[in-house]
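Protein sequence lines correspond, in order, to chains C and D.
Its first residue numbered 1, the first sequence is counted upward by one per residue in the numbering used here.
Its first residue numbered 1, the second sequence is counted upward by one per residue in the numbering used here.
Simulated from the structure, these hints should not be mistaken for lab results.
Note that beta-carbon positions come from the ideal geometry of N, C-alpha and C, so glycine has one too.
One or more of the hints may lead you astray.
Partner residues aside, some chain C positions facing chain D, computed with beta carbon under 8 Å [to be verified]:
| id | residue |
| --- | --- |
| 1 | Asp18 |
| 2 | Pro40 |
| 3 | Gln44 |
| 4 | Val45 |
| 5 | Thr47 |
| 6 | Glu130 |
| 7 | Arg134 |
| 8 | Leu165 |
| 9 | Asn167 |
| 10 | Gly299 |
Far from chain D by the CB rule (all over 10 Å, computed), these chain C residues [unchecked claim]:
| id | residue |
| --- | --- |
| 11 | Asp17 |
| 12 | Glu194 |
| 13 | Val195 |
| 14 | Val200 |
| 15 | Asp402 |
| 16 | Leu419 |
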Amino acid sequence: MTEITEVPSPFCGIGTDDLTVQVDGIALKVIKNGCAINTPMFEQVVTDTKARVNGNEVSLDVAAVRAAALLKDSLQPVIGGCASDVSGMRALLSLADRIGAVVDNINFTGARNNFLALQDSGWMNTTLAEVKNRCDLLLVVGTDLESFAPRFFERYLWTRESLFLDNPRQREVVYLGKAPSGQASTSPDGKKAEVFDCAVDALPEVIAVLRALVNGKLIKADTIAGIAIADLKSIADKLKRAKYSVVTWAAGALNYRQAELTVQTLSEMIKDINDQNTRCSGLPLAGKEGDQTANQVCGWTTGYPARTRFSRGYPEYDPYLNDINFLLANGEADVLLWVQAFNVKSVPPDTHLPTIVLGRSGMLFDKEPEVFIPVGTPGIDHAGHAYRMDNVVAIRLKKLRDSGLPSTAEALRAIEQAL
Amino acid sequence: MLIKLTGGCVYDPASGVDGKERDIYIQDGRIVNQPENQVQIDKEFDLKGKVVMSGAIDMHTHIGGGKGNIARTLLPEDHRQDPVARTAITRSGCGHAMPSTFVTGYRYAEMGYTAGFEPAVLPINARQAHMEMADIPILDKGGYVMLGSDDYLLRMLTAKKDQKAINDYVAWTIQSAKAIGVKVVNPGGINAFKFNQRKLDLDEQNIHYGVTPRQILQVLATAVKELGVSHPLHVHGCNLGVPGNVQTTLDTIQGIGGLPMHLTHIQFHSYGTEGDFKFSSGAAQIAEAVNNNKNITIDVGQILFGQTVTASGDNMRQHANHKHASPNKWVTMDIECDAGCGIVPFKYRDQNFVNALQWAIGLETFLLVDDPWRIFLTTDHPNGAPFTSYPHLIRLLMDRSFRNDVLSRIHPEAQKMTTLATITREYTLQEIAIMTRAGAARLIGLKDRGGLSPGNFADITVYTDHADRQLMFEKPNYVFKDGELVVVDGTVVKTKWGTTHMVKPDFDPSVEKGLKDYFDRYLTMKLGNFKISDDEITEDGRGSLTVHPLSGGMA
């Protein structure tokens, strides 16, 4: 039995790298700095170690040959999930390029709210170390931050010290559009976050009014979506008074139509504040199950984020039409390859199409796929790289145990070689 | 396999060969001496009448790192203009302003380039820079690690740590990030922007640290020299793009007190305030200063007309310039108490007075600096123009009548504000070879690259001596990378992976004590998880590390 310290996590998205993990054979136990997200993800038990074709155990090579045959016969293969590390995404894109597939990351429909705003007008953002050392006001929009990332407040806000704040415990936290589910946002001195709750799909109006107030516009109404204009005015004043405020949201939590316009209004409001003699930055939350990794690697490999097709021989990005759920529902695909190296519960969408799954060992299916290759998890079974939520920092994942499971990259390369 | 390149007209400034007919022999990836008569030649290329140079080296090109990938993500409409389909041997991707990594490698190679150096590697983003560059085929690559706005260095300066302590930190950072040089961008300015300062002159203090850009330049240039890093401190100066910044640049040159210093994309730092539009060329003053100060090297950062995107670590200046964004979308980021970045798309127009004069200022600079060993051909890709415009730029430098034709079509007021029409100089092939090969290799400190004498790696480009220099440099007949034929008639015929160049200056291991404490208290990553290991560069089978020797000048 060994203990490995300073273990980085690819699961929580906020780049925790202070876990201590006890390794007993291939059993893992998080014994220090675990959380509700990381601990079960690390401790997930390895069940399958052998690949299967139609339910029968086979070698990796045999499974790869069968997968290659399905892909070769396909007129329009689609690759979903796309949840792996940098090497896994490299191999995935190489295969997709070769077979003319559509590539679609599992979290893209949420992330699209950010991409559409980014690609239309841009933004001013920051990263976690700047939050830790500079943020004096955190505005959380439409998101339950602590269920998204349980250790966010402990690691980045309620720190014992910071480079530029005399007392980090006096930072202000304001929730707008969603109340927190627990007490993580309460400062160690007992100061609670201010909470202004409303229906999540009322956020477009609420944020539009907040931006108007930031810019000194007169609002005639007294309330909007149940929130007093005076309260929004106080938030606007706080944002303008703060030295380095940070506005955070999870694109996927803004679960209503055209939420990209909310992200855009927030991002433009942040720009406006920066023109009013102070600093303010955005901090989009993400980094789960390889989503940032998929978009980064797809970005440098194709120029586009990870909802891109190769069916015409070159990459084409469409944030709507390349949604594999849409393609499956419309009968536009004929083979599904599902890649999910992190989460056993994230199974492929229900489809009658021939399905190849490269999944984390322990994945259970209602319907056995034609080909199942259990793969190792980056940061547990093999080393690798994963991007944090802030999209700048790639963390170096460690190999913790010797499970014998192939990496996503190895399994995908085996398939490509068998073509 | 023994390859013979027979009878080409060789331009090899590294060994003083200026347009002489020479045979070149290649074996096991290197150029070798002429073998004994009885040794069999396995393959011979008849290069009679062809021009032979070593593979070109781009010493300043943004080809790897987070800001480039933000630029890509920002501009799907630009990619759609230039889709690149896969072939039996090459990957698909996109081109134009900020090409995909694979296309970057192919298009550089297809122009005869065999190496490119990313000048703005943020320590915290170095992994990404290397991972992106690992997906650039054919080319060798390397990076200059960015310091000067990181809070750790500024704290050291405030605490009056001695030069030795700073040298240790710089050397440790170079090794951790696997870099071959050190760059500073708007010294201290990226940091000052986080404290809401919107400009920072050479002698202006950071409001928190009380440190000035001049001090930062001084300690970093000293560190680079004393550590024996060949490439001088690579400086993106203060006040980029600000009319009147020519004085800042001249003061920067004087202020460094004779230490080796490379001023990058100097075109953006050579602006006066004369004339009706209060915007004028400072190129003559800059060229005079460069000519008179042998410790100074520059690259130009030429702008060329058309759509591109600017991607810089200088978020302070990029934020100020966002009102010129075209299309109107832009990104800035503050990054990890380390640095920042700003991405602003630009469309340079020949009928815009400022853009037209920027174009002329860059060319004046090229033509007025005497010593081609101290000036380098760049567009600061993609900031002044995409790297694919180099053949056009070479024609502007080598062909006065072509240059004057273009000049006659730019904004008429800009024509009046430039001396370009009176400058008769035309670059020679040997001078182009110096700027893009021998000089670049010498400046970066690349051992066994940039020359054609025996012992060098066989990175070789063969051109047809066409009067239209743009055509000539667009489409080499052959390109060899490490002795392998990778391009024929301007098209990739074989792909491979290049190496990653770096240096390993020594440091006192006790430097990690203070750093570990700082990482634990203030940063978001453990020190041990920050340092890039060798296997991260090599594990996907995409490359290797080449460690270059340190130069003299040790303290």
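The hints, checked one at a time:
Interface hint at Asp18 (chain C): satisfied, since its Cβ lies 7 Å from the closest Cβ of chain D, which is below the 8 Å cut-off. The beta carbon of Pro40 (chain C) comes no nearer than 22 Å to any beta carbon in chain D, farther than 8 Å, and the hint placing it at the interface is violated. With its C-beta approaching chain D no nearer than about 22 Å, Gln44 (chain C) sits outside the 8 Å limit, and its interface hint is violated. Annotation: Val45 (chain C) was flagged as interfacial toward chain D, and the flag is violated, the nearest CB pair being 26 Å apart, outside 8 Å.
Restraint check, Thr47 (chain C) versus chain D: the minimum CB separation of about 28 Å is more than 8 Å; hint violated. A hinted interface residue such as Glu130 (chain C) counts as satisfied when its beta carbon comes closer than 8 Å to some beta carbon of chain D; here the least separation is about 5 Å, so the hint holds. For the restraint placing Arg134 (chain C) at the interface with chain D, the shortest Cβ-Cβ distance is roughly 7 Å, inside the 8 Å limit, so the hint holds. Because the closest C-beta pair between Leu165 (chain C) and chain D is about 11 Å apart, greater than 8 Å, the hint is violated.
For Asn167 (chain C), the suggested interface contact is broken, since its CB lies about 15 Å from the closest CB of chain D, more than 8 Å. For Gly299 (chain C), the interface hint holds, the least distance from its beta-carbon to any beta-carbon of chain D being 5 Å, beneath 8 Å. Distance to chain D contradicts Asp17 (chain C) as a non-interface residue, since its nearest Cβ pair spans about 5 Å, not more than 10 Å. For Glu194 (chain C), the shortest C-beta to C-beta distance to chain D comes to about 24 Å, beyond the 10 Å cut-off, and the non-interface label holds.
For Val195 (chain C), the non-interface assignment is confirmed: its Cβ lies about 27 Å from the closest Cβ of chain D, beyond the 10 Å cut-off. Every Cβ of chain D is farther than 10 Å from the Cβ of Val200 (chain C); the closest lies at roughly 26 Å, confirming the non-interface assignment. Every C-beta of chain D lies more than 10 Å from that of Asp402 (chain C), the closest at about 17 Å, which supports listing it as non-interface. At the 10 Å boundary, the C-beta of Leu419 (chain C) stays outside the reach of chain D, the nearest C-beta of that chain being 13 Å off.
The structure does not agree with the numbered hints 2, 3, 4, 5, 8, 9, 11 stated previously, though it agrees with the rest.
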